[in-house]
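Chain by chain, the residues run as shown.
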Amino acid sequence: MMLSLKNIVKYFHRGSVNEVLALQNVCLDVRRGDFICIIGSNGAGKSTLLNGLAGCFFPDQGTIVLDERDITGWPEYKRAKFIGRVFQDPLLGTCATMSIEQNLALALRRGRFRGLSAGVRRLDRDLFREKLRMLDLGLEDRFQDAVGLLSGGQRQALTMVMATLVRPDILLLDEHTAALDPKTGRQILDLTERLVEGMELTTLMVTHNMHQALRMGNRLIMMHRGEIILDITGEEKSRLQVDDLLARFYSLKQDAFASDKMLLV
Amino acid sequence: MTWYAFLGAVEQGLVYGIMVLGVYLTFRVLSFPDLTVDGSLPLGAAVCAVAITSGIDPFLSLFLAMFAGFFAGMVTGFLNTKLGILHLLASILTMIALYSINIRVMNGPNVSLLGQDSILDPLIGFGLPGYLSSIILFSIIGAAIVVFLIWFLHTEFGQTMLATGDNPRMITSQGVNTHSVIILGVGLSNAMVAFSGALIAQNQGAADVNMGVGTIVAGLASVIVGETIFGRGGIMRAVIAALLGSILYRLAIAMALGMNLGGFTFTPSDLNLITAVLVVLALTAPKIKARFFS
Chain Y
0 MMLSLKNIVK
10 YFHRGSVNEV
20 LALQNVCLDV
30 RRGDFICIIG
40 SNGAGKSTLL
50 NGLAGCFFPD
60 QGTIVLDERD
70 ITGWPEYKRA
80 KFIGRVFQDP
90 LLGTCATMSI
100 EQNLALALRR
110 GRFRGLSAGV
120 RRLDRDLFRE
130 KLRMLDLGLE
140 DRFQDAVGLL
150 SGGQRQALTM
160 VMATLVRPDI
170 LLLDEHTAAL
180 DPKTGRQILD
190 LTERLVEGME
200 LTTLMVTHNM
210 HQALRMGNRL
220 IMMHRGEIIL
230 DITGEEKSRL
240 QVDDLLARFY
250 SLKQDAFASD
260 KMLLV
Chain H
0 MTWYAFLGAV
10 EQGLVYGIMV
20 LGVYLTFRVL
30 SFPDLTVDGS
40 LPLGAAVCAV
50 AITSGIDPFL
60 SLFLAMFAGF
70 FAGMVTGFLN
80 TKLGILHLLA
90 SILTMIALYS
100 INIRVMNGPN
110 VSLLGQDSIL
120 DPLIGFGLPG
130 YLSSIILFSI
140 IGAAIVVFLI
150 WFLHTEFGQT
160 MLATGDNPRM
170 ITSQGVNTHS
180 VIILGVGLSN
190 AMVAFSGALI
200 AQNQGAADVN
210 MGVGTIVAGL
220 ASVIVGETIF
230 GRGGIMRAVI
240 AALLGSILYR
250 LAIAMALGMN
260 LGGFTFTPSD
270 LNLITAVLVV
280 LALTAPKIKA
290 RFFS
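Sequence lines, in order, name chains Y and H. Its first residue numbered 0, the first sequence is counted upward by one per residue in numbering that gives the first Met the number 0. Its first residue numbered 0, the second sequence is counted upward by one per residue in numbering that gives the first Met the number 0.
In short, the hints are calculated from the structure, not lab data. Hints may be right or wrong, so weigh each one.
Listed next, the in silico DSS-like pairs over lysine-lysine satisfying Cα-Cα at most 27 Å (straight line) [stated by the list, open to error]:
1. Y:77 <-> H:81
2. Y:80 <-> H:81
3. Y:130 <-> Y:182
4. Y:77 <-> Y:5
5. Y:77 <-> Y:130
6. Y:130 <-> Y:80
Given the structure is predicted, the values throughout are model-derived calculations rather than measurements.
Input sequences plus hints: build the corresponding full structure.
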């Protein structure tokens, strides 16, 4: 098993009236090359799971093991050596005041020591040009432009390239098309598929869109109230229909409703 | 304005300009409003003055001042990142602590350097008048630091520092420990500020515990005046604009002090008010321009 989460528990605002149990004993084993789509309603713990993996917070209980290394106590910047990330907000993945090539150069040194040699090297530019040409957005001719001049979709495409410029062991995509218009979102998804398949990346993708979750990846996880309640792989996933997921969803809602009702009675 | 007042303002602009470059590094590059400078400028002056009076070479004493400033800045960075104190407050805490420390360093509120060696001596030895030799020397030092800063901000680490100020979440996800970058960055900035303080002490012939009052305001005013007049496009332009902004700021102050409006004249104690008005004008100039000239 490449990545293994064991009994992860995470509370937010623990001990206060606002206490939330964000992750409830989450166990997840990820095989190398898995492309996992994660769905669930708001507050189900999808983003929390990804943030926990990235090291934005430490779990209250449980362990995270990556390639036989226990990384549970590793801070975010240290885990970044193995993890590429794309956020929901297109503005979060890039530096607006810096140029396209400077942003790419920052990503090229992910997880490496940054010393006093030139930030952007002439040799790197060939690699950048090749990667940007793949996007077909004309960015390869705008190396010196500040990233702040680009549209949200262009910035997200650039972030995708940056997250995969150094091959990550794990790629985390957190609703990375949700803030884009439908057409741009589709382009970013196409790019995602091309990159993930081309580089055979192990990927966890959070999405709100069930069609996307069914169409993409080899594995589907549904979360509810901080728990993984459905984990479907391979053949079984390819047979899965939107109706099946919806049925599952509504039965959950009713469960929740029933238990609330019981409390009232 | 007289020729002497003009030269005096240019000289002040250059020597304080090194402080302004330090303020540019925290305020613009790291987005860290750092008030430590009100304490680290006199710290640099104090360390340098005490070193010289104890017989240390004036050049070497500049470096001692830089180390002291670097350390003071690192304390502010540490308070902010590792102890989670708001950046503004962290820097105020270091600043007030430095007031006591500076008096300890000097064993009193000031140290006179009259009759002591200074880095200006070799130039004066050539037969140049004092006011010219200081302008020449400070121009060379200012230009050297401008070149250094432009080079530094284009290195891998310099670019990381720019990214830390711009988008800390992004650069963390690229594997950078922003805490270390902030601690080193604020340290480097205050090293430059202390260096500036040491030069001022040698130029004025004294270090005084109160010489740092208002440093941050003058620094911010200079950075903003420079940006407003010379623009912000690119690192090279921004760094040069900061140094030129410092000279313009000192000229503006000298002009204000030389004004005589029907018997009314400004006194040096009005400087803070003038500076505040100048900063407000510079900050709102783009908005006013957009509103009335578009």
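Under the constraints set out in the numbered hints, which ones does this structure not fulfil? Violated: none.
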